[in-house]
Amino acid sequence: MKKILIQFDTDSLPSSFDRVVAIDSGVDELFSYGGVTPENIEPLIHGAIFTRSAEELSNTAIFISGSNVEAGERLLSKIQDTFFGPMRVSVMIDSNGSNTTAAAAVRCASKHLDFNTTEALILGGTGPVGHRCGQILAAQGATVRIASRSEERAQVTCAEIRHVVPEAKVVPCEFSDEGVAAAVDGINLIIAAGAAGVQFLTGEEVEGIETLKVAIDVNAVPPVGLEGISPTDDAAEVNGATSYGAFGVGGLKMKTHRAAIEKLFTTNDQILNAAEIYNIAGSV
Amino acid sequence: MKKILIQFDTDSLPSSFDRVVAIDSGVDELFSYGGVTPENIEPLIHGAIFTRSAEELSNTAIFISGSNVEAGERLLSKIQDTFFGPMRVSVMIDSNGSNTTAAAAVRCASKHLDFNTTEALILGGTGPVGHRCGQILAAQGATVRIASRSEERAQVTCAEIRHVVPEAKVVPCEFSDEGVAAAVDGINLIIAAGAAGVQFLTGEEVEGIETLKVAIDVNAVPPVGLEGISPTDDAAEVNGATSYGAFGVGGLKMKTHRAAIEKLFTTNDQILNAAEIYNIAGSV
Amino acid sequence: MKKILIQFDTDSLPSSFDRVVAIDSGVDELFSYGGVTPENIEPLIHGAIFTRSAEELSNTAIFISGSNVEAGERLLSKIQDTFFGPMRVSVMIDSNGSNTTAAAAVRCASKHLDFNTTEALILGGTGPVGHRCGQILAAQGATVRIASRSEERAQVTCAEIRHVVPEAKVVPCEFSDEGVAAAVDGINLIIAAGAAGVQFLTGEEVEGIETLKVAIDVNAVPPVGLEGISPTDDAAEVNGATSYGAFGVGGLKMKTHRAAIEKLFTTNDQILNAAEIYNIAGSV
Chain A
436 MKKILIQFDT
446 DSLPSSFDRV
456 VAIDSGVDEL
466 FSYGGVTPEN
476 IEPLIHGAIF
486 TRSAEELSNT
496 AIFISGSNVE
506 AGERLLSKIQ
516 DTFFGPMRVS
526 VMIDSNGSNT
536 TAAAAVRCAS
546 KHLDFNTTEA
556 LILGGTGPVG
566 HRCGQILAAQ
576 GATVRIASRS
586 EERAQVTCAE
596 IRHVVPEAKV
606 VPCEFSDEGV
616 AAAVDGINLI
626 IAAGAAGVQF
636 LTGEEVEGIE
646 TLKVAIDVNA
656 VPPVGLEGIS
666 PTDDAAEVNG
676 ATSYGAFGVG
686 GLKMKTHRAA
696 IEKLFTTNDQ
706 ILNAAEIYNI
716 AGSV
Chain E
436 MKKILIQFDT
446 DSLPSSFDRV
456 VAIDSGVDEL
466 FSYGGVTPEN
476 IEPLIHGAIF
486 TRSAEELSNT
496 AIFISGSNVE
506 AGERLLSKIQ
516 DTFFGPMRVS
526 VMIDSNGSNT
536 TAAAAVRCAS
546 KHLDFNTTEA
556 LILGGTGPVG
566 HRCGQILAAQ
576 GATVRIASRS
586 EERAQVTCAE
596 IRHVVPEAKV
606 VPCEFSDEGV
616 AAAVDGINLI
626 IAAGAAGVQF
636 LTGEEVEGIE
646 TLKVAIDVNA
656 VPPVGLEGIS
666 PTDDAAEVNG
676 ATSYGAFGVG
686 GLKMKTHRAA
696 IEKLFTTNDQ
706 ILNAAEIYNI
716 AGSV
Chain G
436 MKKILIQFDT
446 DSLPSSFDRV
456 VAIDSGVDEL
466 FSYGGVTPEN
476 IEPLIHGAIF
486 TRSAEELSNT
496 AIFISGSNVE
506 AGERLLSKIQ
516 DTFFGPMRVS
526 VMIDSNGSNT
536 TAAAAVRCAS
546 KHLDFNTTEA
556 LILGGTGPVG
566 HRCGQILAAQ
576 GATVRIASRS
586 EERAQVTCAE
596 IRHVVPEAKV
606 VPCEFSDEGV
616 AAAVDGINLI
626 IAAGAAGVQF
636 LTGEEVEGIE
646 TLKVAIDVNA
656 VPPVGLEGIS
666 PTDDAAEVNG
676 ATSYGAFGVG
686 GLKMKTHRAA
696 IEKLFTTNDQ
706 ILNAAEIYNI
716 AGSV
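Residue numbers (the working numbering), protein chains in the order written: chain A, 436 to 719; chain E, 436 to 719; chain G, 436 to 719.
Check before you lean on any hint, since a few could be wrong.
One copy or two, either will do: identical chains are not told apart, so a pair holds if it fits within one copy or between any two.
Unchecked claim - In silico DMTMM-like cross-links for lysine to aspartate or glutamate, where the CA-CA straight-line distance does not exceed 20 Å: (1) LYS437 x GLU697; (2) LYS690 x GLU490; (3) LYS437 x ASP463; (4) LYS690 x GLU491; (5) LYS437 x ASP704; (6) LYS438 x GLU642; (7) LYS546 x GLU595; (8) LYS438 x ASP463; (9) LYS513 x GLU640; (10) LYS698 x GLU554; (11) LYS648 x ASP549; (12) LYS438 x GLU587.
Calculated directly from the structure, the hints in this document are not laboratory data.
Isolated chain A (complex conformation):
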C-alpha cells in the first residue's frame, strides 16, 4: 500500500521546499493543497480517514505547512477535532519550518550546554522559530529570556509558552539599544532568530559577554543577526563562543525533517509538534 502524504498549506501556493523534502523522505504520493483554512478543510480530512481501513491508516499522513504559524496551529486544532476513535492519521506541523529549525538549533546547543543550568537569550524571540526555540529550551529546563523590541509581544509569547510548558522559566526581555547590557548579562546561550537583514549585536558586543558559551544564528542571508557568524559555521569558534550559522544548523534540520516524515508512517495516531520533533532531532 502506497504511503500518501497530504500537505495542507495555509498559503495559496503550497511550499515547494516541503514538497521536495517529502519526496526525499520516501513518500510515495504527495497531495498538496494551498489556501487551506479551518472552514474548507473538513471534507479533505474525511477523505484522509474514510478511504482506508483503520489498520491501513498508518499509510496516510498529514503535513501542515505555510508561512503563518498561527494559521497552521488553527488547522491542527480543526484536524484533531475532526478525528474520532480509530479514524485518524498521523499529523506533522512545521509551518515556516519553525519546528524543525528550532529543534535542530536547540540540539546544536545541547552538545555544549547543560540546559538545567543554562541562561538563554532568544533574539527575535516572538517570531515562529524564536518562539519554538524558547519553548523547547524551557521544556528542557533552561531559563529563557524572550527578547523583542516590544515587551508586550514578548509577554504574549511567554504566556503562550507557559500554556504548553507550565513549568517554563521564561521571562520577557525588551531589546533596545539601551537595554543590551541587561539583556545579555549572565547568559550562556544566544539564539538569533530574527527577520532577515536585522543585526542584533556587533562582534565586539558578543565577545564582551564573558558567560557566553554558544551562539547560534539561523538567518542565512547577510547581514546575519550576530556579526561575525558565517552561515556555514558549524561549531566554529567566533567572538569567543562556539558558533553555528544557518547552514550549520541546516544539516540537522533537514535530517530531522526527513526522519519526522518517515516516523509519521509508523502509526496512525501521532501529532508531531515542537516537543516530538525535538525528540526526533536527538536520534537522527
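Since chain A is already given, all that's left is putting chains E and G on it; use the hints.
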C-alpha cells in the same frame, strides 16, 4: 506507459477522498484540478487527447468529482463535445460519490429482491444519491416512488430520470407527516438517502410496513434516516427487514469505485455514469 | 534520487499538455503550480534550490508554461535573478508550446533549404510561435520578413528579435490584401503561424510564388492558414511546394519536448530557451 488519471473537480480544492481511491486503484500519476468549469476546461481536455497517440490513449483517463452533481454533469457534457473521432479518453463521473454509492446500495437490495416485482421508496429522492438510486432501480424494472418534502422537486427528478430511462416507472411522492401511510403503502424496499441528521421514519413505523423486505440507509452520521439501522449493519435483521447501513453499503461502494477506475484504462472510449457503474458493481 | 520537475504556469490551471509530456519524458515527480507571478514565485524558487546539495541539484528542474509567452519570460527573468552561485537548477521555458513548435517547424524547413540563402516569410509573425520561428531562422542566417496586419507590431517583434540575435536580418512586413504580391516576392519559405481560423493565402496564390520551395502551416484546426495544406502533411507536395501541416511538424515537436526535459536533468545550470531547444530538435 504510465496510467495517468486527470481529476476535474468542480470544488476549489479537489476531493482528497477520490485522490486516495485513485492511488489505491493502481493509477500511476494523478493530476488533480480544482475549480474546473465548462469555461476553463477546454485546454485541459486538449492536453489529455493531444499528447499521446490514438493507440496509447487508453493510458489516459478523466475522473469528474466535486460536491455538486449538476456541475459535474455540465463538465461531462463539455468533455464529450470536445472529443472528436478517435481523439478521446475514457471518463468516469462520480460527483459527491453519487454513482458509486447508489450502485452499491441498489446492488445490496438486488441480493434479496426481484426488481421486476419491486415497489421501491426513495427517501431524500431528489438528492444526488437518491436520484441515482431511483434511476438505477427504474432501469432495472422496479416501480419507484421518489419522495421529497417538495412534490415539485420530486416531479423534476422523475422527469430527469425518464429523460435517461424512458421506460422508467417513477412517481413523485410528497413526504410529509400526514402522508407517511400512503407513501409506504405496499413497498418492498426503502432507501434513505437524505441529508445528515434527518430521521424519516421511526423504528415502529418501519416495523409496521408489512410488505417491506429490505431497508437501506446510506447516512453514516447519527441520527440516521431509518431509526434502528446502525451504520455497520450489513444484511442485518432490523425492524423486521433485511437492513444495510452506510458502512454495510460502503465496502461494495469502495470495491466498485476501484474497479471502475481500473476499467477506465482498458479502452479510450468509455463513459462511466450511473448505469455503467451499476454494471461494474455487479461483477466485483 | 528522484527527478523532480517543478512546473510554474502563468495560467490559473497548469497546462495538462505539459504535465502529460513531463511524465512521458521520465520525470519521477511533477509539482504543478498555477497562477504563478514574479511576485509570488520567490519562495517556490528557494524551495527548489535549498532542499538538495549543490551536487544533487541536477535532479531538480523547472519548467515554465502557460498561454502568455511574455508572462513566462518575466518568470524566467525573476528565476535567474533569484539563483546565485551554485544554488541553481536547470530551467526550460515553453509557454504556449512556442519554443518546441517553432524549433520543430524550422527543423522541418532545414531539411530542404540552405538558410544562408533563404528568404523567409512568417505569417502571424508577431504571435508566440511566429516570433520564435523568425528568431531561430534569423539566428541561422536566413533573411526573414515578419508579417502582421499591423506594421507597428511587426516592427516591435523585429526589434525584440534583434535584441536576442544582434546580427538578425529581419524586416517588418505589413500583410494586407493589397500587399500580398510584395510580401511573397522572391520568398523560398513560408511559415503560417497565425490564429486558428485565419486563411492567409489561397492555394492559387501559394502556387503563384515561383521561388517558393517550402510551406509550413502549424495550425491544426481548419481552415488552415495556407489553403490546401492538410494537418497531416509531412513533406508532401502541395501547390508546388514541399509542405508540412501541424501534425507533420508535431511529431518532431513532441520528440524535441521530451528530449529537452530529459536534458534538464543532466546538469543544474541550463536555460533552455528558443536557441537551445532548436539545437535539441536537431539531434532527436
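Hint check:
| no. | hint | verdict |
| --- | --- | --- |
| 1 | LYS437 x GLU697 | both (13 Å within a copy, 17 Å between copies) |
| 2 | LYS690 x GLU490 | between (28 Å within a copy, 17 Å between copies) |
| 3 | LYS437 x ASP463 | both (6 Å within a copy, 11 Å between copies) |
| 4 | LYS690 x GLU491 | between (26 Å within a copy, 16 Å between copies) |
| 5 | LYS437 x ASP704 | within (18 Å within a copy, 29 Å between copies) |
| 6 | LYS438 x GLU642 | neither (50 Å within a copy, 46 Å between copies) |
| 7 | LYS546 x GLU595 | neither (27 Å within a copy, 59 Å between copies) |
| 8 | LYS438 x ASP463 | both (5 Å within a copy, 13 Å between copies) |
| 9 | LYS513 x GLU640 | neither (45 Å within a copy, 38 Å between copies) |
| 10 | LYS698 x GLU554 | neither (32 Å within a copy, 54 Å between copies) |
| 11 | LYS648 x ASP549 | within (11 Å within a copy, 73 Å between copies) |
| 12 | LYS438 x GLU587 | neither (44 Å within a copy, 48 Å between copies) |
Hint compliance for this structure: hints 6, 7, 9, 10 and 12 are broken, all remaining hints hold.
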